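Asks: Next come the chains, spelled out residue by residue.
There are 2 protein chains.
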Amino acid sequence: MSGRLYALGTGPGASDLITVRAARLLGQLDVLFAPAGRKGGDSLALSIVREYLGAHTEIRCCHFPMSADSAEKQQAWDTVCAQITEQVQAGKQVGFITLGDAMLFSTWVFLLARLGNPPWLEIVPGVTSFAAIAARSAMPLCMEQQSMAVVACTAGDEAIVRALRDNECVVLMKVYGRFAAIKARLRELGLLEHALMMSEATLPGEQCWRDLASLADDTPLAYFSTIVVNKSWSAAQ
Amino acid sequence: MSGRLYALGTGPGASDLITVRAARLLGQLDVLFAPAGRKGGDSLALSIVREYLGAHTEIRCCHFPMSADSAEKQQAWDTVCAQITEQVQAGKQVGFITLGDAMLFSTWVFLLARLGNPPWLEIVPGVTSFAAIAARSAMPLCMEQQSMAVVACTAGDEAIVRALRDNECVVLMKVYGRFAAIKARLRELGLLEHALMMSEATLPGEQCWRDLASLADDTPLAYFSTIVVNKSWSAAQ
Ligand SMILES: C[S@@+](CC[C@H](N)C(=O)[O-])C[C@H]1O[C@@H](n2cnc3c(N)ncnc32)[C@H](O)[C@@H]1O
Ligand SMILES: C[S@@+](CC[C@H](N)C(=O)[O-])C[C@H]1O[C@@H](n2cnc3c(N)ncnc32)[C@H](O)[C@@H]1O
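Residue numbers (the UniProt record's numbering), protein chains in the order written: chain D, 1 to 237; chain Y, 1 to 237.
One or more of the hints may lead you astray.
All copies of an identical chain are treated as equivalent in the list; a pair is satisfied when it fits inside any one copy or across any two copies.
[Claimed, not checked] As a list, the in silico EDC-like pairs of lysine to aspartate or glutamate whose alpha-carbon atoms are at most 20 Å apart: (1) 73 with 218; (2) 174 with 122; (3) 231 with 144; (4) 73 with 144; (5) 92 with 158; (6) 174 with 200; (7) 231 with 211; (8) 174 with 218; (9) 174 with 144; (10) 73 with 188; (11) 174 with 206.
Rather than coming from a laboratory, the hints here were simulated on the basis of the structure. Given the structure is predicted, the values throughout are model-derived calculations rather than measurements.
Chain D with its partners taken away, still in its complex shape (with noise of 0.2 Å):
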């Protein structure tokens, strides 16, 4: 058998959320590649997939540094690089985890851009975590006319206020640590009640506020919470 790999998204938490074909790949894999957690820990991403490996497939997780200093950044990546193009090499079935959608605000396209687009690579999409909180909160995304944008909340004050006024459904990613500044924009904006938030959405701890005006601006926030408005919808149900 020659060497592939194969980068998997994961879908947004819960793991019967990943896709029919990424849960068949990952038992068949030799070698699993899976970025690191923030806190030291296994990633959420490999939370996920724990039950579709194979008795046999080797996880090794991959550090890549927060740190400013891009030659550090650089340097990591391009070890991880060497690495997975070494097993592909060899004949292994290698996997590389990602969570959500893997071509969506994911490490994931750092390493894509040192591969290229190889012979031996298959990308397998998956859910995004809009997805998941459009249909947990049962609030859509965007139809007929209308357009969405997603935007990460680091972007910047001016690209958030533009993409807020031009479109009829926005998607706020990385609101964690934001969320007071965020809320500011939206109530100026006069569209409080029609954006909702979710936290950690289809895992044990999920959240969700429909009521962000009177949500407190300190609420301590997980990690993964995402705001989504959509202009022709009322987030109160």
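With chain D held as given, fit chain Y with the ligands onto it using these hints.
Replies: Okay, now just chain Y with the ligands, sitting in the frame of chain D:
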């Protein structure tokens, strides 16, 4: 067992790109409501899920008129809504399928608007067409401080130009019948080499065009065709 309604995203086309959860639920359904295909035949969503259905599942194809007569459309939705509610009240396990994700440009939302969010409803998210196209083409969506817009080509010129101007990544859905106009806009904005088009992604008839500049304006296109633009990536592979 009390009655339940499952709104199930089927994913973009390949039947193993459905979620493990949706596959399992499909096997337990008493009745499946499936929007009828455009040409009177089975819908793509129905062909995706057939292999997962239980032997006893009754399939009901629902026709939604494309007519501009909105009273006629309302009537069709009201009827399906009443039929579904009746089945749930009779204690049945009922499914309603939609291609890709259920909450994104999906007719399911017309039903949701009528049903509200009753306790017997569960919406199961699916892989969107654009996640599948990004995966198949190895062209990422967005990263870090970037934003992504998802727009239908029916949205009108102004909205499309604005989306293309203001976002790093733009997904243009419903290209069918509008390719020439969109191509002209992409050319004016200097974006042709950052754009690719995919038809029937993950299906046997999948096609990917990476050189839109030299693709004839009147190229016959499949109904399921989407353009993805990423300003920081080259479409040529
Ligand atoms: C690095 S991005 C990963 C996005 C992922 N690739 C996707 O397809 O959704 C991390 C951000 O995704 C969002 N997110 C991921 N999983 C989530 C979940 N289960 N509930 C709420 N938000 C989630 C949060 O906004 C978080 O800051
Ligand atoms: C009514 S919308 C449905 C969108 C769907 N709910 C989703 O999550 O992607 C139909 C449009 O989706 C896109 N589409 C759906 N499936 C596709 C596929 N397999 N390949 C390419 N485009 C697809 C096309 O742009 C098509 O015009």
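Asks: Now, for every hint given, state plainly whether the structure supports it.
Replies: Evaluated hints:
1. 73 with 218: Cα proximity of residue 73 and residue 218: none, with 32 Å in one copy and 46 Å across.
2. 174 with 122: Classified as neither: same-chain Cα gap 27 Å, cross-chain 26 Å, threshold 20 Å.
3. 231 with 144: within (14 Å within a copy, 25 Å between copies)
4. 73 with 144: between (42 Å within a copy, 15 Å between copies)
5. 92 with 158: neither (46 Å within a copy, 50 Å between copies)
6. 174 with 200: within (12 Å within a copy, 32 Å between copies)
7. 231 with 211: Within one copy only: 15 Å inside, 36 Å across.
8. 174 with 218: within (16 Å within a copy, 42 Å between copies)
9. 174 with 144: between (27 Å within a copy, 10 Å between copies)
10. 73 with 188: Neither: 38 Å inside a chain and 37 Å across chains, both beyond 20 Å.
11. 174 with 206: within (16 Å within a copy, 34 Å between copies)
In the structure shown, a violation is registered for the earlier hints numbered 1, 2, 5, 10, in ascending order.
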